[in-house]
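If you read the protein sequences in the order shown, they are chains A and B.
Take the first sequence: its position 305, counted from the start at 1, is 305 in the numbering used here, and no numbers get skipped.
To get the numbering used here, take the position in the second sequence, counting from 1, and add 306.
There could be a bad hint or two in this list.
[Claimed, not checked] When the alpha-carbon atoms are kept at most 35 Å apart in a straight line, the in silico DSBU-like pairs for lysine-lysine are as follows:
| # | chain 1 | residue 1 | chain 2 | residue 2 |
| --- | --- | --- | --- | --- |
| 1 | B | 466 | A | 272 |
| 2 | A | 272 | B | 476 |
| 3 | A | 12 | B | 391 |
| 4 | A | 74 | A | 12 |
| 5 | A | 140 | B | 463 |
| 6 | B | 331 | A | 272 |
| 7 | B | 391 | A | 140 |
| 8 | B | 463 | B | 494 |
| 9 | B | 340 | B | 321 |
| 10 | B | 494 | A | 74 |
| 11 | A | 214 | B | 340 |
| 12 | B | 491 | A | 36 |
| 13 | A | 95 | B | 463 |
| 14 | A | 36 | B | 391 |
| 15 | A | 145 | B | 446 |
| 16 | B | 321 | A | 95 |
| 17 | B | 321 | A | 12 |
| 18 | B | 494 | B | 446 |
Just so you know, these hints were derived from the structure itself, not from any lab.
The lines below spell out each chain.
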Amino acid sequence: MELGYYPGCALKAHATGYEYGMAIEATLGALGFTLKEVPDWNCCGASAGHMTNSTLTRALNVRNLALAEAAGLKEILAPCPLCTKELGLAQHEVKEHPELLAAAQEAAEMVYRCSVRPITLVELLHRNLDLLKERAAAGKLADLKVACYYGCLHTRPPDVMTYDDTEQPTAMDEVCRTLGLAPVEWPNKTECCGAGFTMSRPTVVARLTGRLLKAARLAGAEAFVVACPMCQANLDMRQSEAAADAGLAEDLHMPVLYLAQVVGLALGLEPKALGLSTHFVDTADFVARLRGEPPAAAEPAQGAVA
Amino acid sequence: MQLQLSRAQLDSDWKREVERRLGRKLADCYQCGKCTAGCPVSFEMFHPIHAMMRLAQLGRKDEALRSRSQWVCAACEACSTRCPKDAEPARLMTVLREMAQEEGLVNANEADIYDFHQSFLASIRRFGRVYEMGFIAAYKLKSPLRRGPQDLLTFPKMLKRGKPGLLPHKIQNVAAIRRIYERTKLQKATERKSD
């Protein structure tokens, strides 16, 4: 199966979320997808574009969409929901407003016929539940409790991110349940993690991720499953600050796994090939239990915080 | 909020321009406060989101544009998603951010947030993609004493994990990106008047 692919900056070799890209490529490859990258794609503008100049952001994304269209791609997988949302917002706006399309085409020097649909990884996997069921049967994972965390942009704005319920999404939970895990019910699935404030306002990130940590633990979860590089970085890198801000007595060391990594494990891929050793909170013990192995205490913890 | 109403403010060109960009009537908002109730960052705002809506309704241009709130907004879209009147408070924040830049009224107290965005965008302009190491260095160098020490202890742990990589990814047609930037520059109010 051929699939259009817009990796986005965060997933590439030079970025903080590169293990997400590794895991996606390994996992989707094992599932039988051939990823066809949008030629010469540019950054979607991310928070910075959205927060300062919507005309610029729209033009940057129309360039991407037009490049995908010219390459014959109908759907493009954009695994970072910030990219999916910026691409999807541009698509939504230019489709509805011919004057915005004209301006963006002129700025980007491209013709765009509005035919490309950006999708998230969650949508892709959820549409292929049967395939997952079939392929993951052998490597079914242990029924450990996890909190599926969608963040702001998997379901918002609702007229752009249309795949799942806006307030109570379930697609990621269903994927995890199919693989054998036991996703918990918890109320903070679509709360914000602080996203792009990780450097410019870290106190906000600590407050917001602290709330997530507390709620996930109260619901009984042992780990987070996420599908966004900002959610992952904010929950993983700043977890002790988050725990302190939430008034938790101790650092919880809750692993923060990408959905692509979880699927990869269920397909029998090795943790290292999925980038699981690059996280800040050690994942080795949780991953071993997930795979039904004895705890990995004897092995040197690959991803232990230095 | 103390109310000082003036006819000139209540019916101003500025309000009409806000409504044009917003695609909504500001009077649609009936101040129920649901936006603020669900806003994850209202604890950081002197004027939470419903109050920003109110400032705009009252035509209080200067206070609205100089506010810190639009910069602390995380753009999570919860407010617009839940607004019972579809008044688009999140988009109002976008409008106010762009107008504040055009009028030169970006609140200097939020320089960290604003510089971060600018450094990020400069990186895209240069490479077509974000170069994390480069833009973070640029951001820190704009205010090295304050921003330099931040995350100093985390940084070696990141490098150990290969995060972020040392070299940028540059796209082939960077020239196209530069032209996009040129054509979509925000127009400063001062330049507009001299046209």
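Status of the hints after comparison with the structure:
1. 466/B / 272/A: holds, 15 Å
2. 272/A / 476/B: With a Cα-Cα distance of about 28 Å, the restraint between residue 272/A and residue 476/B holds, given a limit of 35 Å.
3. 12/A / 391/B: violated, 41 Å
4. 74/A / 12/A: Between residue 74/A and residue 12/A the Cα gap is close to 23 Å, so the pair holds against 35 Å.
5. 140/A / 463/B: holds, 33 Å
6. 331/B / 272/A: Violated - the C-alpha atoms of residue 272/A and residue 331/B are around 54 Å apart, more than 35 Å.
7. 391/B / 140/A: violated, 46 Å
8. 463/B / 494/B: violated, 42 Å
9. 340/B / 321/B: holds, 23 Å
10. 494/B / 74/A: Given pair residue 494/B, residue 74/A is violated - Cα atoms ~39 Å apart, limit 35 Å.
11. 214/A / 340/B: holds, 24 Å
12. 491/B / 36/A: holds, 32 Å
13. 95/A / 463/B: Answer violated: residue 95/A to residue 463/B is near 45 Å, above 35 Å.
14. 36/A / 391/B: The given pair, whose Cα atoms are some 42 Å apart, is violated under the 35 Å limit.
15. 145/A / 446/B: It is violated: about 40 Å lies between the C-alpha atoms, which goes past 35 Å.
16. 321/B / 95/A: holds, 27 Å
17. 321/B / 12/A: violated, 43 Å
18. 494/B / 446/B: holds, 26 Å
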